[in-house]
Amino acid sequence: MDLKSLFKPSTMAVVGVSTSQDTHPANVIYNKNHLRYPVKTFAVNPKGGIINREILYKSVEDIESDIDLAVIAVRAQFVPGVVELCIKKGVGGAVIISGGFAEAGNSSLQQYVADMAKEAAFPFIGPNCLGIYAPDLVDTFFLPGERIIRPDKGNIGFVSQSGGVLVDQMVKFAGQGIGLSLGVSIGNKACIRETDMLDWFEHDPGTRAIAFYIEGFNEGEGREFIKKAGRCSKPVIVLKAGKSKKGIEAASSHTASLAGDYRVFSQIMNQYSIAEADNEFELTSFCESLSCYSKAMDGNIGIISLSGGHGVLAVDGCEQHGLSIPGIEQKTMDIIKEKLSPEIQNIVCLENPMDLTGSAEDSDILTTVRHLARDKNIDCILALLIPYSPGVSADIGAKLSQVAMNEGKPFIAYVPNEDKYKMIIEGFELNNIPVASSVEGAVLMAKALKRYMPC
Amino acid sequence: MLEKDAQNIIKNSKSLGWVLEPDAKALMKSQGFDIPYNVLTNSFDKADQFMKDASCPVVAKAVSKKILHKTEYRAVVTGLSSSHQLKKEMARLQKLDGCENILVEHMVQGIELIVGAKNDFQFGPVIVFGIGGTSVEIYNDTAIRMAPLVEHDVLSMVQSLKAKAILSGYRGKPGVNLKALTHLLVDFSLLIMDLQEDLASMDLNPVICTKDKCFIADARIILKRS
Chain A
1114 MDLKSLFKPS TMAVVGVSTS QDTHPANVIY NKNHLRYPVK TFAVNPKGGI INREILYKSV
1174 EDIESDIDLA VIAVRAQFVP GVVELCIKKG VGGAVIISGG FAEAGNSSLQ QYVADMAKEA
1234 AFPFIGPNCL GIYAPDLVDT FFLPGERIIR PDKGNIGFVS QSGGVLVDQM VKFAGQGIGL
1294 SLGVSIGNKA CIRETDMLDW FEHDPGTRAI AFYIEGFNEG EGREFIKKAG RCSKPVIVLK
1354 AGKSKKGIEA ASSHTASLAG DYRVFSQIMN QYSIAEADNE FELTSFCESL SCYSKAMDGN
1414 IGIISLSGGH GVLAVDGCEQ HGLSIPGIEQ KTMDIIKEKL SPEIQNIVCL ENPMDLTGSA
1474 EDSDILTTVR HLARDKNIDC ILALLIPYSP GVSADIGAKL SQVAMNEGKP FIAYVPNEDK
1534 YKMIIEGFEL NNIPVASSVE GAVLMAKALK RYMPC
Chain B
954 MLEKDAQNII KNSKSLGWVL EPDAKALMKS QGFDIPYNVL TNSFDKADQF MKDASCPVVA
1014 KAVSKKILHK TEYRAVVTGL SSSHQLKKEM ARLQKLDGCE NILVEHMVQG IELIVGAKND
1074 FQFGPVIVFG IGGTSVEIYN DTAIRMAPLV EHDVLSMVQS LKAKAILSGY RGKPGVNLKA
1134 LTHLLVDFSL LIMDLQEDLA SMDLNPVICT KDKCFIADAR IILKRS
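If you read the protein sequences in the order shown, they are chains A and B. Count along the first sequence from 1, then add 1113; that gives the number in this note's numbering. Count along the second sequence from 1, then add 953; that gives the number in this note's numbering.
Bound-form chain B, shown alone (with noise of 0.2 Å):
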């Protein structure tokens, strides 16, 4: 079942017709999954200390409601760890078409991957799970099934991505903790059925998985048109 918190931010979200950034992810936090560390701000002040006392580089983002695909507009940078860098960059984002709030939110590193949902009109739930990123349409190398998956169907679904190895580490690359990864993937699916009146697609985009954990780097949340 949906936490009431979920529930209402999908309600707020209606009218809109996708739900913002730092809400998609307050969502899929109250449901168990795992974000960046990470804080909403407009003030430069409050954004600094935030990246000083973080032990990685940050990444700051747009929050605006004109705003759905975010590189497209330059909404996202990304290693910041300087004040004077990240000054010049708020003041750059906030200045974009809409900007409420900038998300300031740690840097995780790792594999980048796909994990999305789609209401289909024929089979209802599907969940897409590939190798993610910015170009992820242009490689295309994801799979598909049918929701709620089951563990079977996570390891199916790894196993015939062309890429493949990567998940398992290459060249001395870490690779992906493939139990985290499987628990995302089947829990994300039974949340998948909890919203299916509501949703029309989700693009978890990128989700960064490392040998401990899978994070939700971003999160965007189309609903049906009422």
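So that you can see chain A by itself, here it is in the shape it has in the complex (with noise of 0.2 Å):
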């Protein structure tokens, strides 16, 4: 099935618009997409009328331009209905907004309106979803704009399982400066499912990293997931809800009893190379680590700071998460502190962790970065810039930036996320190198970075 109607439409019908009811969740996908988006979007009542000195036409057959989205927010039985006149019409797909399917008991009329459409190649996302949202293009949430966050765009695509988490996921991205290709809430997922929205992501440019939110897999689908999603070319991240131990009791052998769903689920991410995030934070650290940073690695860290207290408190929080803080080369600390200002070669500390002290220039980082980047014992750097320290200029950022990428190691700064040190947070940004707002989120997207690497 091609899915770009669904998720690069030019055009859009929202089925169930009210007439009375400016609430209801059609009027509010409507009128943000009518006067926000780009994409043309029409409104559907089968009363017809006018809605906001528009038409309201009484069926997807009446619009006179062909449909690439239809967004269904009608209630659960006339679903089947509204989608055979879709069908019918040739739209190339739709969002069922609707509950009242599999969630509510009613799985029969689930399965009809997916056996309808799989008859008809019909991609349709849901029942019982918010759908899309694709930055500047197109979002089917029936959430008021004024009411959510959206990060700008970017290149994670999210799927997940639950709307809620969604749009509370989108509000953490905005506020690390996130940005996504495409978000989308797969509900009942009765048609699209994780493993179509793996296929889409994998062949989309605009995507560096997929994100997935999953509270379960039906029989076998968990297999069927893991086989692309370890052939994916893209980093894959998953935050799995419900860990409980749901499905060890009254197990009959031992091997039932130590393998519990969630156990199960767990150690086979990792044997797949999937990044499993232990919680939001950490699928938020994740995300922007791996959009920049797709290759595994070991996890031997080597941390810069310009305060011996946050390089104590990184190898605490690398230890905690099974990084390593190995020891670094004898010529590496020779050749760095031959490199140094003369103010600060006698006061440093050039074991790992490196103490730069508050008196380093931005010189000193840069040779001290370049040379660390150049230890075989080293596979990624942390680099703890606090920024109030006097020889630490605001162009630190895109200097660093530049020794990172011709270095090619991978490389983590922390910043705190304060206006005053934009432009040091932004130098770092815009060349694609992950910035974290604390200690420990740089050390967790160290820490997505060590997967287990397959030969």
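If a hint is listed, it holds; no wrong ones were tucked in.
Below 25 Å or equal to it, Euclidean Cα-Cα: the simulated DMTMM-like pairs (lysine to aspartate or glutamate) are:
| hint | chain 1 | residue 1 | chain 2 | residue 2 |
| --- | --- | --- | --- | --- |
| 1 | B | Lys1115 | A | Asp1411 |
| 2 | A | Lys1340 | B | Glu1104 |
| 3 | B | Lys1115 | A | Glu1432 |
Don't read these hints as lab results, they were simulated from the structure.
With the hints as a guide, dock the two chains, each given alone in a separate frame, to form the complex.
Right, here's the structure in full:
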């Protein structure tokens, strides 16, 4: 099935727009897209009439132009009829917002719609979902624009079984300056499922990392997902909900008892190099880091700080998250020392974690990063840049980014997320270098890169 | 592909819902896995002769359709080397609920591991490997991977165990033969792929590994409910 009509529509019909209830989901969706998005939007209601001085069509069939995407927000029992009309008109696909299907015990109605769509090769998202948020293109969330926080266009593809989690994660992404290529709430996933989304994002040039919020898979679906995700050329990140011990009780073999549902899930993700985030905070950090660096590493971290305390905090964090702080080669330390400003040469600590002290200047930091990146013991550099130090300039972000890009080793920066440091932060981010707003966040970004590396 | 004998064992065990240990071991043997030398008998004389011929102590186990977990019923006796002891224990085992036969086998000494499989609802056949024995659920030092396994999956499973040092030989004790262990796990995972239509879960616990070989000292196969 071609999903382009769903995710890159030029025309859209919103079915179920009410003439009397402004807050009806269909009205919210119609208004926001009609007024603020480039997608040409048409309102549909069997009663017909006029809405906001535009035609309210009686049926999708009455719309003169071709329709790429239909958003269906009518009561569950009317959904099959609307889908049938969409197929008849040759609509490219649908988002079925309506609830009242499998989640409410009405699996047969859902299956009826799914079968009809399958026969016609008609792709749809949902039912029981928020649908699609494609920045600057289309937004089928029935949440008023003024109520939600929208991340900018970016390179993360996000798929969620829960609409609420997707909306909330968008707030977190926006706060961290992480952009979305596409966010999809797949709801009951009666047609489009995680595996279909993997295929889409794999071929979408605007996506660099793919994140999933997963509650559970159907029978055998986990195996299908893992095989696709394991072969995917882009990093895949998963946040799993429902980690309880369900399924372990009353097991008749040791193996069944040892391999509870979540342990199986988690260890198989690891087996296939999928980054599993423990919580929403990790998910955000993982997305930022893996959209910059797609290669897995062993997890040997070199730490550079301008204050001993930050270095120690980072070491503690690394150890807690299974990252190693290896010794630095003597020749690396020698060459760095030789090139440092004479004022700090004798007060710095060049063991890992390195402390360049508050007297370090830009050139000292650049030199240290350049040579630490060449050390064979180190897979990834964490630079804890405290911008309070007088010798650190506002250009340090852009300058260090150049060094990091030239050396080609993963480099992660910590800079406090304050307006006055924006120039430093953007100096990194605009050069595709991840920046964390806390030491812990920087450690988590490094953790994301430590994945199992199949031969 | 599953051997004909192995297919019959599965077919004949369906009504019980699980495969009795001698049958499970016969199945494993037919697939090329190593099991300890054994004799299945109710005759003390036969068992006694088997013990006398053995160059090591033996283990005696009750074979009963009513006993799935033998430890709880004290249905396993290890370290038997005297006729008097063997007679006494055989008599006791034979009185256990549903006991049909006594399985007497060589007692292999080595590191006790668990190799298991589960037909997972979401992921299909998965393999569990770790430190085995009767306390396996208490320590739960195990790794899980999706079947079939390849060699580097086995290495990563070994590496992920807290007790990995025991496997490579700890405080002067010999470790396991990693090559034999890898063969066992990879072949086992392929067998599980063949069995997936019928299998709910399987325990090989313990698998006893020496510096030369890995022996399946106990095997329990739980079948899917039809």
